[in-house]
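K.L.:
Here is what each chain is made of, one letter per residue.
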Amino acid sequence: MAEVLDTDILSQIQTVLMEPPDGGLTIPSGLWTSAELVNRLNERSNRFLKGTRILVGEAAPIPVTAGQSRFDLPQDWLTTLTVLWTGQDGTANELVRVDAFEADHGYAPWETTRSTPAFYMDEDAPLLSIAIGPIPRVNGVLTLLYVPQGGAMGTSGGPIALPELYAAGGLKYGTLADAFGKDGRGANPEKAQYCEQRYQLDMELATIMLNGWV
Amino acid sequence: MPGYTAITRLDLRTRLTEMYEGVPFWTTDEANDALNEGLRFWNALTGRWKTRIVIPTTPGPTLTYLLPAPLLYRARVTFNGIPMSPSSREDLLNGRPRWYLETTASGQGVPTVPTLFSPRSLTTIDIWPMDAVGGNSLMVDGVAETPVLLLDTDFVDLAEADVSNLLGYALHCVSLKKGGPWFQSTMGYFLAFLKAAGEENDLITTSQMYRRVMGLDNRWKVSALPGSSVSQLAAQIAKQLQAGG
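The listed protein sequences correspond, in order, to chains A and B.
Following our numbering, the numbering of the first sequence begins with 149 at its first residue and continues without gaps.
Following our numbering, the numbering of the second sequence begins with 64 at its first residue and continues without gaps.
Since no wrong hints were added, every one of them can be taken at face value.
DSSO-like cross-link-like pairs, simulated, lysine-lysine; straight-line CA separation at most 27 Å: (1) K258(B) to K113(B); (2) K258(B) to K241(B); (3) K241(B) to K330(A); (4) K330(A) to K198(A); (5) K241(B) to K302(B); (6) K240(B) to K330(A).
Derived from the structure by calculation, the hints contain no laboratory data.
Owing to the predicted nature of the structure, the values given are computational and were not obtained by experimental measurement.
Using the sequences and the hints given, assemble the complete structure.
P.N.:
As structure tokens, this is what we get:
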């Protein structure tokens, strides 16, 4: 089975942009740049992954010391799906996602009173970190399921970051939507709109397929 | 004419050329890419190509199993030949908070064989309870990788109606670079492709975007660019397709 490469997708994008297809290396017209297309490709890929949650990563178990409330997230973190607490006292439960307002008004002493953790915050915590509350009274472990960034794509012929089924919708049309939507001589609103809808269609379909499985 | 036929890439490309009166404005590579894109999109929409994989369970015990090939919806999983029921991480966490720690040896009401599977992602499943012993088999029926055509002699088994839809999609795909009336005139092929996919897999018809593209959602017209001839034509063709069944 042939693997879809990033250069395959970039060549197809170049063809639609009326540029000679060479794996995204050159854009003779000057309307776009190679780096620009590669950046858009990676951005669209990560948006697709985050929006559909079709690929899920599990972080290495995060050891928790009693009284500790903040932990680092993986460097390739895009969004959190599930956080599970397993304490040395035998407690095990899923932590619910909250924001600081909910935590403060739902259980005000969450930062001072030790108990079994019940919730987590990733938006109201410093970037790439997670806070849990109430602060744990015993040592334990956090299990983190999250959506990781896709592998970086470029012009060197590496694998694409999405499953091959979504190579066109998630990568080609998403990148084309950005290219045609650019404020410049290459702008083409009608094509940009069509490509954006193809991208959105594939995102919805991927989500439906995953959810429809159960 | 047989219901299904093995058709080569060369035949498909020849028939694609026949769909356009005049010198093709696409290259051979573009046509090949468009045909393979159509096959992948068809597989994503309908799950046409199926496969069966047997995965040995590992002691440890193991919660998550990686599926060697991409599997999509309505997959069937059996444990030693006994069907498992589908579930989800959310349902399991809500109904049984400690499910991810439980094995077939846990006791206390936990089944002695895995009975539920839950898709963690497109390519991984969790099972409940975990197999404490290992050495058993998980058999997964699901959607296989798309049979892309790399050589002119490579072939794919398709129904005649699917061949037409694939060629229409490919023509639509290669027309995008040209834009304007050439692209507009192929919008009907794209909608026919989607309509056929929806008939094979009605799950996708629940997509808001699908309904919008197919002209089944009035917001498509509202959201279209003022005077956008592509969107007007799309809505018009979708209406005609509906009227014609």
